[in-house]
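Chain by chain, the residues run as shown.
Protein chains: 2
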Amino acid sequence: MKLVESVPNFSEGRRKEVIEGIVNEARKIRRVWILDYSSDPDHNRSVVTLVGEPEPLLEALFKMTKKAAELIDLRKHTGEHPRMGATDVIPLVPIMNVTKDECISLSRILGERIGNELNIPVYLYEQSATSPTRENLSNIRKGEFEGFSEKIKMKEWKPDFGPDKVHPSAGVVAVGCREFLIAFNVNLGTDNIEVAKKIAKAVRHISGGFRYVKALGFKLEERKIVQVSMNLTNFKKTPIHRVFEVIKLEAERYGVPIVGSEIVGLIPLNALSSVADFYLRLEKFDSSTVLENKILQKIVEEE
Amino acid sequence: MKLVESVPNFSEGRRKEVIEGIVNEARKIRRVWILDYSSDPDHNRSVVTLVGEPEPLLEALFKMTKKAAELIDLRKHTGEHPRMGATDVIPLVPIMNVTKDECISLSRILGERIGNELNIPVYLYEQSATSPTRENLSNIRKGEFEGFSEKIKMKEWKPDFGPDKVHPSAGVVAVGCREFLIAFNVNLGTDNIEVAKKIAKAVRHISGGFRYVKALGFKLEERKIVQVSMNLTNFKKTPIHRVFEVIKLEAERYGVPIVGSEIVGLIPLNALSSVADFYLRLEKFDSSTVLENKILQKIVEEE
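Protein sequence lines, in the order shown, are assigned to chains A and B.
Per my numbering: the first sequence = residues 1 to 303.
Per my numbering: the second sequence = residues 1001 to 1303.
Only chain A is shown next, with the shape it has when bound in the complex:
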């Protein structure tokens, strides 16, 4: 079984009937599962977490994008969060038995269909980007819906798919393959924020640390301790255990113990398996020998 995750963002966080209308498009499709969805009225934006097999997932995402284009008019949209489309961004994340290349190819299939059938300009971003300036979503989104009528005329901002003209009400959309993002925090047994800041600096990419780590130091006021708060943007290339062990080493240098850690939100089974793999020095191990995973595969095979 192949599994892909998607976390599409829609520019509507207030009108329940609109949000339900969009989510319902995914509910109709077999082999696509809605894990979660939530709306922020201030941002006027909703985020849906879906998982599915590649083909039905693309179908669900296309139908949701179509519905969003019918129900949302960006000319009347206000909200705190920057946005450029009724469906603003569609990330695709390989979860199980799917390579990065397959995922990129899925993003192109979806992008082309949205461009052709819905007349919405599509920008490929992150791992699917067709130029380095398009890797970063915020680069693409700069100028937002209001500025895009002009931006789209620039040669370097010609869309990857669809018309060379902004959709009047639905704007433009970014589609791309990215890795699963793990939110991982490590708590240190000190109230000295400087230690957390120094360690965050040591592990994060921007200041010389690991390629796929974003990190900040925080105070946990109530517990009178400090935290290194991280996003691991590619757990396959920068695995959890390596980051954890380096934090432990650096903390020791200040005489500070690690008092705990936490994973916020979901973690893919493969990330968990690789922790066990490292510490137990497993010789050949993969997630397919995990009982619950085997059941999942049986169920999907059956259908």
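These aren't lab readings, by the way, just hints derived from the structure by calculation.
Incorrect hints may have been included.
Computed list of lysine-lysine pairs in DSBU-like fashion (alpha-carbon distance at most 30 angstroms, straight line) [to be verified]:
#	chain 1	residue 1	chain 2	residue 2
1	A	298	B	1294
2	B	1294	A	63
3	B	1028	A	2
4	B	1198	A	284
5	B	1248	A	248
Here the structure of chain A is known, so what remains is to put chain B in place on it, guided by the hints.
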């Protein structure tokens, strides 16, 4: 979602149509999944691995036991493996969101139904046992089918459910709750078998080690190294990481490194999670935040 595993053993390992007939009973039932089944012609015995939600799983096990009683006649059965029933033993293993007490109660419900409706005497064993002499399956099975007509007359071997008389063709059956068994081997960087034997002795229950560890030392001739080969009979109370770390410590004392380890067969997600939990010092973590597990729960909820 609640999940229970069962690994029933049937006294037929040669006639394919009989084995298929028994397995088919489980195939008919929704929310029960057959993960694996295999037959040994020399033992003349088949082992089926099933997982399911409690109620449908009990239904499947009852139907399989009924079918086995129809198709197998122990008076004509020969094979190397000791046996006392057409369905010889039905272990129930709590996998997800099921307590030991619930599992024991499930074994009693199943045992009572088999006793009443199929007229087969039932012995509750392991965690379900009604007396210490019945905890160990081999104690119950001593004398086998042929000896049971006499054994059953003894006061201490009065069945827990069903008639006080052996079923003429289907014998008797043991039903009970036990923990998931993990086969875990640790490989040591030496060809000195004595080191493996000493470490096996250090960790196994019988010689003073951990309560839920069975262990032996072996030579891996081809690789010219030795192995501590283990069964962990209760990973909740004697977790993998603790056994691994003690082996590492003991090996160090002989100047021997751990070169690798392996998990043979399936491992429950909770066992894997507890490894990550220990090494990453997770503050609040449970398997429900694992993506694949969440999908599994969604699918089952949907049905």
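Holds or violated: residue 1198 of chain B with residue 284 of chain A, Cα cutoff 30 angstroms? OK: residue 1198 of chain B and residue 284 of chain A at ~25 angstroms, within 30 angstroms.
Within 30 angstroms, alpha carbon to alpha carbon, are residue 1028 of chain B and residue 2 of chain A? holds, 26 angstroms
Taking only the CA atoms, is the gap from residue 1248 of chain B to residue 248 of chain A under or equal to 30 angstroms? holds, 20 angstroms
Given the hinted pair residue 298 of chain A and residue 1294 of chain B, is their Cα-Cα distance within 30 angstroms? Roughly 15 angstroms separates the two Cα atoms, so the pair holds.
Given the proposed pairing of residue 1294 of chain B with residue 63 of chain A, does the C-alpha separation stay at or below 30 angstroms? holds, 24 angstroms
Hint violations for this structure: none, all hints satisfied.
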